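Place chain B on chain A using the hints.
Same order as they appear, the protein sequences are chains A and B.
First residue of the first sequence? That's 1 in our numbering, and the numbers climb one at a time after it.
First residue of the second sequence? That's 1 in our numbering, and the numbers climb one at a time after it.
It is possible that some hints are incorrect.
[What the hints assert, rightly or not] These stretches of chain A come out as covered by chain B in the derived footprint (C-beta under 8 angstroms, 3 or more residues): (1) 78–85; (2) 96–109; (3) 121–129; (4) 191–203.
[As the list claims (entries may be wrong)] Ranges between beta-carbon positions, derived for each pair: (5) A:ASP107 <-> B:ASN2: 33 to 43 angstroms; (6) B:THR172 <-> A:ASP109: 50 to 60 angstroms; (7) B:SER10 <-> A:SER132: 38 to 48 angstroms; (8) B:SER90 <-> A:GLU97: 52 to 62 angstroms.
For the record, the hints were derived by calculation from the structure and aren't laboratory data.
Just so we're clear, the structure is a prediction, and the values are computed from it rather than from any experiment.
Beta carbons: idealized from backbone N, C-alpha and C, even for Gly.
Okay, here's what each chain looks like letter by letter:
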Amino acid sequence: MTTQPVAVSVDGLTKAFGSIRALDGVSLTVGAGEIYGLLGPNGAGKTTLIRSLVGLVTADAGTVTVLGRRLPDRAVLADVGYMPQAPALYADLTVEENVRFFASVHDLDRHAGAQSAVDALEFVDLSSRRHSVVATLSGGMRQRVSLACALVHRPRLLLLDEPTVGVDPQLRAELWQRFTTMSGEGTTIIVSSHVMDEAERCGRLGLVRFGRMLAEGTSAELRRLAGVERLEDAFLVLSESSS
Amino acid sequence: MNGRRAGAISLRILQQFRHDRRTLMLLFVAPIILLGLFYFLTGGGSSLPAVDVVNLDRGPLGAVLAADLGQSTEISVTRTTPSRAAGDLSADTVAAYVVLPPDLSARALSGDVIAPTIHLEGTQPALTQPVLLALDQSVTRASRSLAATEGVRVPVLEPSLDYLHGGPGLDTLDYFGGAFIGLIVFLLVFVVTIIAFLRERSQGTLERLMASPLRRADIVVGYIGGFMVVAAVQAAEVVVFTLYALHVHNQGDVALIVLLTLLMTLVAVNLGIFLSMFATTEFQAVQFIPLAIVPQVLLSGIVFPVATEPGWLQVVSRLLPLTYGVDGLRDVMLKGNGLTSGPLLVDIAVVVAFAVALIGAATATLRRSAS
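So that you can see chain A by itself, here it is in the shape it has in the complex (with noise of 0.2 angstroms):
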């Protein structure tokens, strides 16, 4: 599929809430440095998905690998950075001690969390706020915070459950620049949207819905194949015609 090597490979995932079937043997394979976005609307298994890219699911079929380590495994997650959907931060902390906390528990040492703390709050805009208390911001610069604390630790796989929620237009256009250097310079990121303008900057995307992966491919790719022009109606056109 890539000629890059493997950064995450999932192989038949399947999980079930109940009688709810969250992931049914979803496959996918996301090569190093790449951004792979996943489409897909509300309650699709993006979420289920993500989190079971760090452990916090356990899957009831199927494996997941992640950086060359079949999961379980603990010491993987150092490199791996995990941004959830809801920006879940110490609302008492300043926006500094939450980053550094999180550099610290990717074991980065004092000195080295530090500057890292610099660095990330640096790309995501708010040096200028890093002595706030993190209740006193806003939706949108929390979500900030949360996407620096993701980030700190310079994680080779970073996981962003629709990172861009509440962010400005401009920001977002920022950000997603500063997504593509990354990945540029090695980090593979894997992002859920459902934010089409996002979805046009992945190098590819996967469609889940229902739990299943639908398509995948380009932009480019998916459109051709529902014979569309818009990656909107792409998305409707596949999904009609899978269900």
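Okay, now just chain B, sitting in the frame of chain A:
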């Protein structure tokens, strides 16, 4: 006021109750449990305090009195020898022993006051009253039954009290001070940890930690470390305030008081982490106070001595960590026991065992919570 709008709020509250079975349980089940506990603790079906009776009387009154005490509804009497009785008291298997002196009958016949000696254990004021009451009732009954044959009139009873520990110089605060140190520290640290850990769950940061290289033991040990720093300061403050500002009687080593207090904190931190798994909101966590804490307060022997509880309730008391913490603090502060004392070592060992078991339980809790 608008009836329909107010009614909408009432209806919504009832709908919320319908969805929150646990709160309903609390409202309807907790009163039954707590009132039931009160019933058993304040006499309904309680065990009687165990009391040894030693009869040295050369006349007839001692035997009749001892037999009548055996029928008492206030205490449970065993007749024994002076040395056995003293042994029982120091081993804490009886609450008191009564010695009926050799001249008991002689003094009663001559119309003199009678002065049996009551040897009290002394650390549990609630156990003194039933013994005095039983003796008073039995003296009246026994002398009346002898009135016809022996000509005994009801004598004036002036028992002399002898305390193994504590004594008449101690006031209520002295008796409860030690137990309260344990209770207050335990309660506060438990509430703070359960809330803190629940916030970690509800704000999603626990999930984030689970997605990091951190191990579950790292999280539990980290929590213990953080809370113990604050708890150590709190323990020092509470002990200093109790001993030097309130002047609560202390017979033992201050370091042992601090040690026991810190061990109680360790138990409370891990109990908080463990129980936080069974709550999804801070509201539910607060509900653990009446359910997990109040029965523990009632059953730990702080106010109602464990020895007078009904047998099955004593078993429950023996399964609660606070019981041992309170007992240990009383051992130190009222009895002046040190690390050479068997009962104190047992208390410390049991509290440590609870702490270790709860650390295990708290760690296992984290495993289950990461779906």
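Chain B over the stretch 121–129 of chain A, status - at least 3 residues with CB closer than 8 angstroms: violated (count 0)
Verdict for SER90 (chain B), GLU97 (chain A) (Cβ pair) under range 52 to 62 angstroms: Because 56 angstroms falls inside the window, the suggested range holds.
Outcome of range test on Cβ distance (ASP107 (chain A), ASN2 (chain B); 33 to 43 angstroms): Once the Cβ atoms are compared, 60 angstroms apart, the range 33 to 43 angstroms for ASN2 (chain B) and ASP107 (chain A) is violated.
Verdict on chain B covering the stretch 96–109 of chain A, criterion of 3 CB contacts below 8 angstroms: Coverage by chain B holds here, the residue count being 4 at a Cβ distance below 8 angstroms.
Stated coverage of the stretch 78–85 of chain A by chain B [criterion: 3+ residues, CB within 8 angstroms]: As far as the stretch 78–85 of chain A goes, the hint holds, because 4 residues have Cβ atoms under 8 angstroms from chain B.
CB-CB spacing for SER132 (chain A) and SER10 (chain B) relative to the 38 to 48 angstroms hint: 41 angstroms, holds
Check of the stretch 191–203 of chain A against chain B for coverage (Cβ-Cβ below 8 angstroms, three residues minimum): violated (count 0)
THR172 (chain B) paired with ASP109 (chain A), Cβ distance criterion 50 to 60 angstroms: At roughly 55 angstroms between Cβ atoms, ASP109 (chain A) and THR172 (chain B) fall inside 50 to 60 angstroms, so the hint holds.
Consistency with the previously given hints fails for numbers 3, 4 and 5, ordered from lowest to highest.
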